[in-house]
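Asks: Letter by letter, the chains look like this.
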Amino acid sequence: MILAPKVWAIRLLYLDADIRSAVQQRIIDESNERGWLVSDIRIDEITTEEVHGCYRAHIRGKDTETCFTWPL
Amino acid sequence: MKKWSVIIGLQFYAIALACIQHLPGVTTDEAKYLLDIPYPHPPLVRWMLSATEGMPSHALFWRIVFATLVVQAVWLVWDMMRASDQKSRGIVAGLYLVSGGVLLQAGSIMMAPLTAVQGLVFCWLYMHQDSADRHPVRVGLFTLASLFTAYQIVLFLPIIGIVVWRMRMPLWQKAFLVDVPLLILIVYTLTNPFVIASMVSAGSQNADVSLLQNFSNTFGLWIVGGSAIVSVYGVAAMIRGRMVWHAMTVFLIALYCMLSYRMYYAVLFTPVLIAALASQSSIIHRSVMPLCLSVITSIVMVLYSPFTFQMQQYKAQGVLRHVSVTDGVMMISGSFGHDWQYYSHLPVVRYAVERLDDAVAVVCLSPCEDFDDERFVKKENADVELWVRKL
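The listed protein sequences correspond, in order, to chains A and B.
For the first sequence, our numbering assigns the number 1 to the initial residue and increments by one for each residue that follows.
For the second sequence, our numbering assigns the number 1 to the initial residue and increments by one for each residue that follows.
Keep in mind that a hint or two might mislead.
Pair ranges (Cβ atoms, derived) [unchecked claim]: (1) Arg321(B) with Thr64(A): 21 to 31 Å; (2) Met1(A) with Thr52(B): 21 to 31 Å; (3) Asp16(A) with Asp357(B): 33 to 43 Å; (4) Ser21(A) with Cys19(B): 47 to 57 Å; (5) Ser287(B) with Met1(A): 48 to 58 Å.
Coverage of chain B stretches by chain A, computed from C-beta distances (three or more under 8 Å per stretch; other residues unrestricted) [claimed, not checked]: (6) 31 to 38; (7) 52 to 65; (8) 176 to 188; (9) 340 to 346; (10) 351 to 365.
Below 30 Å or equal to it, Euclidean Cα-Cα: the simulated DSBU-like pairs (lysine-lysine) are [claimed, not checked]: (11) Lys390(B) with Lys62(A); (12) Lys87(B) with Lys62(A); (13) Lys174(B) with Lys6(A); (14) Lys3(B) with Lys87(B); (15) Lys379(B) with Lys315(B); (16) Lys315(B) with Lys378(B); (17) Lys390(B) with Lys315(B); (18) Lys62(A) with Lys6(A); (19) Lys390(B) with Lys379(B); (20) Lys62(A) with Lys378(B); (21) Lys390(B) with Lys378(B); (22) Lys2(B) with Lys87(B); (23) Lys315(B) with Lys62(A).
Rather than coming from a laboratory, the hints here were simulated on the basis of the structure.
It should be emphasised that the depicted structure is a prediction, and the values quoted were computed from it without experimental measurement.
Don't be surprised by glycine CBs; every beta carbon is placed ideally from N, CA and C.
All chains, full assembly: derive it from the sequences and hints.
Replies: Listed below in structure tokens is the structure:
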């Protein structure tokens with residue numbers, strides 16, 4: 001019950017190959033530009049126009065989190 | 001009194017294994033779990049590891065916990081052989097303790113040793129079905145917890161499935177016990193696309209490896225997992241006892257290792273092989289020779305195995321001791337693992353000269369192109385090229 005809305009929010013990733021490829025490319029481009037590690041990125045929601053998510057800098061101690069909205 | 005002495009002795013053994021694993025430092029895979037980086041496994045254990053990351057000797061503490069679970073699990077092997085004499089029980093328990101899986105992996109902070117312990121619990125339930133019948137809810141919760149520890153527990157599904165199938169309850173309840181935890185895991189997996197991406201990547205990584213090499217690698221894992229002696233006796237016991245479910249589990253583990261070879265998967269073979277041997281312990285004729293041979297093969301493995309205690313020097317811990325600034329980010333040029341994140345108190349990003357304004361420390365594992373060294377001072381005594389911003 002807790003997990004189902006999360007799956008629904010990113011359903012386009014599984015249902016639409018074009019969106020999946022656009023999201024993948026956007027994540028690679030943005031993480032290269034910012035120097036982020038892809039493993040530190042979380043995707044929360046995907047629409048036909050945008051991808052919403054957060055970047056969490058994992059370190060030992062308090063992690064900083066930056067949320068983002070990127071156009072597709 | 002004697003039992004307590006054995007427990008304490010085993011605990012010393014577990015602590016020794018944990019300390020040996022701790023010597024070279026935290027590896028990239030261990031750091032991934034310790035920091036709760038959300039791939040490739042489900043969150044249950046890595047969340048626990050991360051929740052305690054503020055404690056001193058964090059990694060060593062968890063090494064000891066993991067090693068304790070793996071070593072003290074020998075009591076399950078002991079209990080599997082209730083009908084056997086003390087000598088046979090002692091030999092098989094000894095074979096478990098000196099097996100490559102336990103010796104080489106008990107103190108590592110990886111999910112594979114935990115999955116092996118969980119697999120051993122299911123093998124124990126297989127032999128003591130009455131325990132499963134008495135505690136169906138516990139079996140269901142343990143299945144759920146095992147699935148949320150690591151995906152590899154699905155390799156033990158033939159044994160889990162038969163344990164649940166033989167339980168005295170309506171069919172729909174049996175289906176519920178296995179299917180609901182699996183369904184929850186599938187839904188969780190869909191919430192985390194990076195898990196799926198890493199699975200696809202791991203599944204295709206052996207695509208370029210020849211079939212013969214794949215066989216050879218998997219054969220090596222099977223040998224290491226049982227220190228050769230248990231590997232052979234375990235399979236012989238399965239054939240002798242017609243243990244179809246154990247054989248299917250070994251087959252699934254081998255198939256998985258061929259698709260996605262990792263040296264630390266050797267420990268997955270250990271519980272099934274030892275459980276088969278425990279159920280057919282007469283195969284060793286109360287002889288201590290297999291135990292002696294197993295000790296010898298284990299010593300050889302410790303000395304020559306390519307992944308023995310991963311003795312290569314991990315640089316991150318040593319290098320990051322030189323960085324004392326507390327604000328800003330650390331940039332690293334070149335390929336680096338999660339161990340750099342674990343030992344750093346600063347967020348870690350990839351090096352790029354245009355982002356240098358944000359950096360207070362720069363590590364050049366590969367050449368830092370166009371690096372402006374006027375604002376930074378080089379730490380001459382660091383093992384790698386390390387620059388720290390001038391005050």
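Asks: Against each hint, give a clear statement of whether it holds in the structure.
Replies: Each hint, compared with the structure:
1. Arg321(B) with Thr64(A): 21 to 31 Å: Check passed, 22 Å falls within 21 to 31 Å.
2. Met1(A) with Thr52(B): 21 to 31 Å: holds, 28 Å
3. Asp16(A) with Asp357(B): 33 to 43 Å: 39 Å Cβ-Cβ, so the 33 to 43 Å window holds.
4. Ser21(A) with Cys19(B): 47 to 57 Å: holds, 48 Å
5. Ser287(B) with Met1(A): 48 to 58 Å: holds, 56 Å
6. 31 to 38: holds (count 6)
7. 52 to 65: holds (count 3)
8. 176 to 188: Since 3 is at least three, the answer is holds.
9. 340 to 346: holds (count 6)
10. 351 to 365: holds (count 3)
11. Lys390(B) with Lys62(A): holds, 25 Å
12. Lys87(B) with Lys62(A): Not OK: lysine 87(B) and lysine 62(A) at ~52 Å, beyond 30 Å, violated.
13. Lys174(B) with Lys6(A): holds, 28 Å
14. Lys3(B) with Lys87(B): Between lysine 3(B) and lysine 87(B) the Cα gap is close to 15 Å, so the pair holds against 30 Å.
15. Lys379(B) with Lys315(B): holds, 14 Å
16. Lys315(B) with Lys378(B): holds, 17 Å
17. Lys390(B) with Lys315(B): holds, 23 Å
18. Lys62(A) with Lys6(A): Holds. Lysine 62(A) to lysine 6(A) sits at ~25 Å (cutoff 30 Å).
19. Lys390(B) with Lys379(B): holds, 11 Å
20. Lys62(A) with Lys378(B): Answer holds: lysine 62(A) to lysine 378(B) is near 28 Å, not above 30 Å.
21. Lys390(B) with Lys378(B): The given pair, whose Cα atoms are some 9 Å apart, holds under the 30 Å limit.
22. Lys2(B) with Lys87(B): The hint holds at about 15 Å.
23. Lys315(B) with Lys62(A): Roughly 23 Å between the alpha carbons, so the hint for lysine 315(B) and lysine 62(A) holds.
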